[in-house]
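*Asks:* This is what each chain is made of:
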Amino acid sequence: MEQVFDLLITVFLVVGGIFGLVGSFGLIKLDDPMSRLHAPTKATTLGVGGVLIASMVHAYAHEGHLSWHELLITLFLFLTAPITANFIAKAHIHRHETPDTLPPAGEDKTWATHDVPPEEPGSGRG
Amino acid sequence: MRLFSRIFPHPLLTGLLTLVWLLLVNSYSLNSLLFGFLLGIVIPFLTRPYWPDRPELRHPLKIAEYIAIAIWDIIVANIAVARIVLFKRNAERSPAWICIPMDLRSPEAITVLAGTITLTPGTVSADLSAEGHFLLVHCLDAPDPDAVRDEIKDRYERRLMEIFQ
Chain A
1 MEQVFDLLIT
11 VFLVVGGIFG
21 LVGSFGLIKL
31 DDPMSRLHAP
41 TKATTLGVGG
51 VLIASMVHAY
61 AHEGHLSWHE
71 LLITLFLFLT
81 APITANFIAK
91 AHIHRHETPD
101 TLPPAGEDKT
111 WATHDVPPEE
121 PGSGRG
Chain B
1 MRLFSRIFPH
11 PLLTGLLTLV
21 WLLLVNSYSL
31 NSLLFGFLLG
41 IVIPFLTRPY
51 WPDRPELRHP
61 LKIAEYIAIA
71 IWDIIVANIA
81 VARIVLFKRN
91 AERSPAWICI
101 PMDLRSPEAI
111 TVLAGTITLT
121 PGTVSADLSA
131 EGHFLLVHCL
141 DAPDPDAVRD
151 EIKDRYERRL
161 MEIFQ
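Keeping their order, the protein sequence lines are chains A and B. Residue numbers 1 to 126, in full-length UniProt numbering, belong to the letters of the first sequence in order. Residue numbers 1 to 165, in full-length UniProt numbering, belong to the letters of the second sequence in order.
It should be emphasised that the hints constitute simulated quantities derived from the structure, not laboratory data. Glycine included, every Cβ here is placed at the ideal spot set by N, Cα and C. Any given hint could be a false lead.
Unchecked claim - Among the chain A residues that face chain B by a calculated CB cut under 10 Å, a handful are:
no.	residue
1	VAL11
2	GLY26
3	HIS58
4	SER67
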């Protein structure tokens, strides 16, 4: 039985490691900033997920108790990964995209990042 | 009833915080249950001004179904993105911006939708339109942007409509 668990732990660690590696490789290989954002947000989820499942199996098989911290880490990861990605995307839109390079926003006229009130005279940032 | 909603502005959040505390402590005891419950009362109470509306959740079964679908899609997404990264040359990829008109209105539901889109196949939600009626999504490889839009609307948004409205 011990061996079965060890085998499971190994499989999950290797799978997690591969996805983590692919995610990091994607960061180098993909050629535009928005595409680069895809590799770390996804491949890393399963990469970290694999390691966490391995950790849960390890705690159950070798320390004889269920560990819940891994579930919490997954939860926090699912909450934070999209928000980080969203902020990087917004920073990219702010600095490198204009309303002409993005698809039109229907009847709302513009995207939130470009929706800046006109600057008041005299309050310019120098 | 009014007293109840003053003490518990967000009953679900109270339950969730208690559960998170128990998971953090990593063992069950009456002590940690009580302390978690205390946190579950104090935190929603203090943050109430920042979260005035209470989102209504319906159909617990539908929520479970949505989570299951999302987790399955995340696994598929990882494999799909890994294949694109490893085997597709950059010139063959067709990245695209797509604009998704949304029928959802509640901020909580839009947050869940945007988060799901970011975690699933080759899509990252990038921005909302100025009035919050459209979602800007970037696709890693989308030869047919309209199909991606229809799939997101049919697969996720329709289910969220049933849960939140």
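*Asks:* With reference to the structure, classify each hint as holding or not holding.
*Replies:* Do the hints match the structure? See the list:
1. VAL11: Interface hint status for A/VAL11: violated (15 Å vs cutoff 10 Å).
2. GLY26: 4 Å, holds
3. HIS58: Where the cut-off is 10 Å and the nearest Cβ of chain B is about 15 Å from A/HIS58, the hint is violated.
4. SER67: 6 Å, holds
Of the numbered hints listed earlier, those contradicted by the structure are 1, 3.
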